[in-house]
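Asker: For reference, the chains in residue letters:
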Amino acid sequence: MGKHPITLKAAALLVGVACFLQLQAQPITVTDVVGREVTIPQPAKRVILGEGRQLITLSLLVPDPVAITAGWTGDFAKSGGLLYEDYRKHFPALDNIPLIGTSGKETVSTEQIISLKPDLAIFGAGSHGPDAKSADIIRQLEAAGIPIVFIDFRLHPFKNTVPSMELLGKVLGRETQANAFVEFYNRRMNHIQGTLARHKDLKRPKVYMEMIRGAVPPGSPGKGNLGEYIEFVGGNNIGTILPGEVGTLNMEYVISEQPDVYIATGIATPGEEGLVIGQNVFTYQTQESLAKLATRPVVSPLSAIKENRVYAMWHLFYDSPLNIAAVEALAKWTHPELFGKLKPHGVLKEINERFLAVPLKGVYFAELKP
Amino acid sequence: MYPSTAVIEKGYRKQFIKRGTLLATLAVATVLSFLVDIAVGPSTLEFAGVLQAIFSPESVDLSTRVIVWEVRMPYAIMALLVGAALSLAGCEMQTIMNNAMASPFTLGVSAAASFGAALAIVIGFSIPGASGDWMIVVNAFLFAFGATLLLQALSSLRGTGPEGLVLFGIALVFLFNAFTGIMQYLASAEALQQFIFWSLGSLTKANWDNIPLLFGLFAVIAPFSLASAWQLTALRLGEESARSFGVAVKRLRFLSLIRISLLTAGATAFVGTIGFIGLVGPHIAKLLIGEDHRFSLPASILSGALIMSLASIISKAILSGAIVPVGIVTSLIGVPVFVALILNKRRR
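Protein sequences, first through last, are from chains A and B. Numbering-wise (this note's numbering), the first sequence opens with residue 1 and increments by one. Numbering-wise (this note's numbering), the second sequence opens with residue 1 and increments by one.
Take the hints with a grain of salt, since some may be wrong.
Claimed, not checked - So the derived label-pair ranges between C-beta atoms look like this: (1) A:Ala180 - B:Ile127: 30 to 40 angstroms; (2) B:Leu51 - A:Ala135: 51 to 61 angstroms; (3) A:Pro270 - B:Ile196: 21 to 31 angstroms; (4) B:Ile196 - A:Glu111: 26 to 36 angstroms; (5) B:Pro223 - A:Gln258: 38 to 48 angstroms; (6) B:Ile196 - A:Glu231: 23 to 33 angstroms.
By construction, these hints were calculated from the structure, which means they are not laboratory data. Quick caveat: nothing in here was measured; it's all calculated off a predicted structure. Backbone N, C-alpha and C fix where the C-beta goes; we use that ideal spot for every residue, glycine too.
Take the sequences, apply the hints, and build the full model.
Answerer: Here you go:
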């Protein structure tokens, strides 16, 4: 009787190992967000990031995302601000990741990608880097036998974030982490969606959002981009009259619309012009720059300003699975009567503790103090 | 038999009155366009409210006051100033280059300004003391002006005439475009968007800080232009005849170039690249009023201001509530007018 359980355990272990080995050996087939079926022989160990900032996405799933990144575009270095510096500190090897291009898709060298011998390229369906419209790059990489999967957090964030994360979990062999994140993500999303669904006759407050970009007049989201977030949380984006994804609103129109809520987004680091917000930024720095935006004469007649419903958030949430934190913040600001208890920084804290390789610290959301 | 002096004098006076009337008409049209520009907008504010806000700002509510004083007025005034500056610069340029197709942007002035702006936006480079939004303005201005000085230095090396100037100018356009290309290549997606917005040219950059500056620049330079009117008219008859009238052609050209570059650099620094005004403005003026620069210079100022003001109205009206960058509008209006002018010239 004493021997039996050990044999059983050993057998179970053997079966487990066998299954594991078989799993390892089995090719992985996934359907990406643009509907292409892609098969790779085993979980990818050398990936190309078509948009450097998706390193943050990898770091939700992989403890050392830099180790598996064989090449990337330089956009994270340029837009990531102090968060990029923190990644460098955590992963000194980051400086050695070869560039496949600087930022725009036209700067990407296919030859460089091929010469890096990646086992997978991860591109955004619509992105600043190569995307689903980059027919030449896709054709050349496929001819070179380099599989490409398309993920998407930018074009249709509310449809594609979950499939993108599941997909990444599979191709990177990190399904447990991906499923945990998806479970976390869905739970929070369902809370917001469910609450809004129970309040069908909800008044949709008018929201005016400005994307602060240095010294030039700000842009506002139209129907796509962050405008979709505003509509998703039950707000009325006054920028929907714009013909494109982002455009310039006539301030006179904004004044005559009398928006209830004002939200600024930005990525400036301390000392730069614009909305100072993000990694390692202090509360007072964000408050100062937000106060400066809110005291411009041209916004003084807005009821959002008069009633101090003035908010700020980090701009890069829009192209990331971290969009859940932005959704919570926007929901809270737009419908405080329903979502007043939500804590966007708390969401980030949980993401830090459970998922991220490099924690987000600093100010990512702000409410202007009167 | 020759006409008597009395007949000539009578004809001259008649022409003088006719041209004066045309100038007055242009001025009235410009004023009307300005009034329409400040009268229309996406809100329901009517003209009486606008006038009330202008003449007694304290008596209207905050929204009306801000709409009139912070949105409509600065855009409308900036439109007049930029149009006037670019068109005056264009008129002088066409004369000193002896080339009807020349414009303030022909010699790389706007390409240089763009590069200066790109330097500020992409890598935050500027002279010490300039910070924030002024970095772009200062850079655009310095590079535009510097390009002209470089051009002058290059052409005086070989003592080339207007033809040499055009060729060096074209070289500068390509050079600065390449530099700007490098900046765009290095730029992050966000900085690139910022630069593209800047380069489209937009009146939304107008405010009560930069309007007095451009006005001051224009008010200082325009009298010098007008004072050179007869010399420029003489140059229009050809370099030889101008010399025979005692005009120091080289000096005239140099001073004129300085004026052109200051006007163009100023306008471009504050609103970005605005195409075609500097080309079409002077052409319309000369078609109406002829080559006598005592008339064609002020007429250019007025026609430029008028076209720009009309473009400002259109840029607000295309999509109610949104703003189409005015540089796009001026090009869309300018190109057909330009083609019509060329075809018209062929036929004659």
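Asker: Each hint should be assessed against the structure and marked as holding or not.
Answerer: Evaluated hints:
no. : hint                                    : in the structure
1   : A:Ala180 - B:Ile127: 30 to 40 angstroms : 53 angstroms, violated
2   : B:Leu51 - A:Ala135: 51 to 61 angstroms  : 57 angstroms, holds
3   : A:Pro270 - B:Ile196: 21 to 31 angstroms : 26 angstroms, holds
4   : B:Ile196 - A:Glu111: 26 to 36 angstroms : 28 angstroms, holds
5   : B:Pro223 - A:Gln258: 38 to 48 angstroms : 46 angstroms, holds
6   : B:Ile196 - A:Glu231: 23 to 33 angstroms : 26 angstroms, holds
Hint 1 from the list above is the single one not met by this structure.
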